[in-house]
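Protein sequence lines, in the order shown, are assigned to chains A and B. The first sequence runs contiguously to residue 343 in this note's numbering. The second sequence runs contiguously to residue 343 in this note's numbering.
Keep in mind that the hints were calculated from the coordinates and are not lab data. Any given hint could be a false lead.
It does not matter which identical chain is meant; a pair holds if it fits inside one copy or across any two.
What the hints assert, rightly or not - Below, computed lysine-lysine pairings styled on DSS-like, alpha-carbon distance capped at 27 Å:
hint, residue 1, residue 2
1, K135, K275
2, K70, K294
3, K247, K70
4, K275, K247
5, K70, K82
6, K247, K270
7, K247, K66
8, K159, K232
9, K270, K66
10, K250, K159
11, K250, K275
12, K275, K339
13, K270, K135
14, K339, K135
Bear in mind the structure is a predicted one, so any value in this text is a computation, not a measurement.
Protein chains: 2
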Amino acid sequence: MSIMQIIDGKLTAATIKAEIKAEVENIVAAGGKRPHLAAILVGHDGGSETYVRNKVLACEACGFQSTLLRFENDITEQQLLEEVDKLNRDESVDGFIVQLPLPKHISEQKVIEAIDYRKDVDGFHPINVGRMAIGLPCYISATPKGILELLRRYNIPTSGKKCVILGRSNIVGKPMAQLMMQKQFGDSTVTVCHSRSKTLKEECLQADIIIAAIGQPAFLKADMVKPGAVVIDVGTTRVPDATRKSGFRLSGDVDFEHVAPLCSYITPVPGGVGPMTICMLMLNTLAAGKHLYY
Amino acid sequence: MSIMQIIDGKLTAATIKAEIKAEVENIVAAGGKRPHLAAILVGHDGGSETYVRNKVLACEACGFQSTLLRFENDITEQQLLEEVDKLNRDESVDGFIVQLPLPKHISEQKVIEAIDYRKDVDGFHPINVGRMAIGLPCYISATPKGILELLRRYNIPTSGKKCVILGRSNIVGKPMAQLMMQKQFGDSTVTVCHSRSKTLKEECLQADIIIAAIGQPAFLKADMVKPGAVVIDVGTTRVPDATRKSGFRLSGDVDFEHVAPLCSYITPVPGGVGPMTICMLMLNTLAAGKHLYY
């Protein structure tokens, strides 16, 4: 039996950001343009504020230019669409994001579809979703891209393996399934389980790789995992914790304490998939700066 | 043990075409516009000629207007893109297709992406592929849509069932997986197997529903199928047959003779999924005529 290894997302993300910074400095030294990420933030949601701040900090770490555009909650859909259009036409901006969620009176889907897909570094535009599904070059959204990157950098074999994905959300489960089944990415036998699955435990017990993105703290128990399996935990549910200053802690979808000893590789929460997501946004921004998907 | 039932795609397709025709006549009687499908055919490939002829005949059966635009094999990519653009701008045309394959000097992907997604009744444009993947209203391509329709019309339960898809092609396996996993369509536990899968037989033996789209004649044998399973055969490989005037017969991916007695439902080849595809193009054209996805 091999030794269990914890996949260090924080370290991997730091390594990738250093790689990006080195490449950016090379580009700039050769007379090229510094990649420029813009972000639109509507309102004052605490979570969104934190995410956007961290994205701006990551831009600095990578040597990117960044621009933050803030609007109040009472911005109309039409006004926001006009701001998106300005960024589409602004040649100095290589890629941009609109931080979600948006106020209820604005259609998120309409805003996403208004973004020029060539600047859509979040990878949420249907053109990018569709191009990813059929294996064409495109922006891949942060979480699935980050998981692929962790598997790759830890040299975890995926081809021909049975990969079980728990959850079928549009931002994790579905794209993850599409990527893990494709020859040029996971090349795995992929099973997607969800709330209606009658054989979820049996599927998990057969899995070489389990990607848990179901949003239920400690859902995946030790009796659902085959010895030697690789477990990727995408869950980040806030659970009350009086011992923390914040009053909560982040809980993954995996019962880490009991599952980890069984695994060949496992991601912790926090410090696993989480730190990779902003880092993948940075990789997408680097690609945008190079006009890689034009 | 229940009795095996053969799913009659030919009869189902005829029923749907009659339903479409009735709806079209209602639309026209109410002063509405007759749906209009245009098709671009490049060159003289025998298979393409047959497909396009059958599409034109199906349009007649449905009460649609149809237009066939023919070009020789030496048409340039630029000229073809201009023809696509004309159809995009032609308000009398509700939907159109470019019959594939195209000559080698023309990028099929470029042509597909040039089609206005609102007229893309084949459902191959990345916007439609992407919208389908995230469960938004859109044109769904003919083969997966036809399979969903057969399951629905035969009242075959899919929710919570284990569905194994053999093959990961862009036109069948991948979209089929996306649809079968979504709540509003199959709602199944979906597994995609392919050439690199090490546990294909085990997966099949656990399946309530098997959708075979692997392109290998009689690949699915009786010892891979659980009694009572539903088997959908998408294979249509031409195999030499000296007893036929054409010199060949169509073979499915399923060893029908030995698998059928085990099944609760099974599609034959020919006469199963095949006849549904053109019929689904007609349903998409009807939707185009109603501007359903504008």
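> Taking each numbered hint in turn, which are not upheld by the structure, reported in ascending numerical order?
Replying inline: 1, 2, 3, 7, 9, 10, 12 and 13
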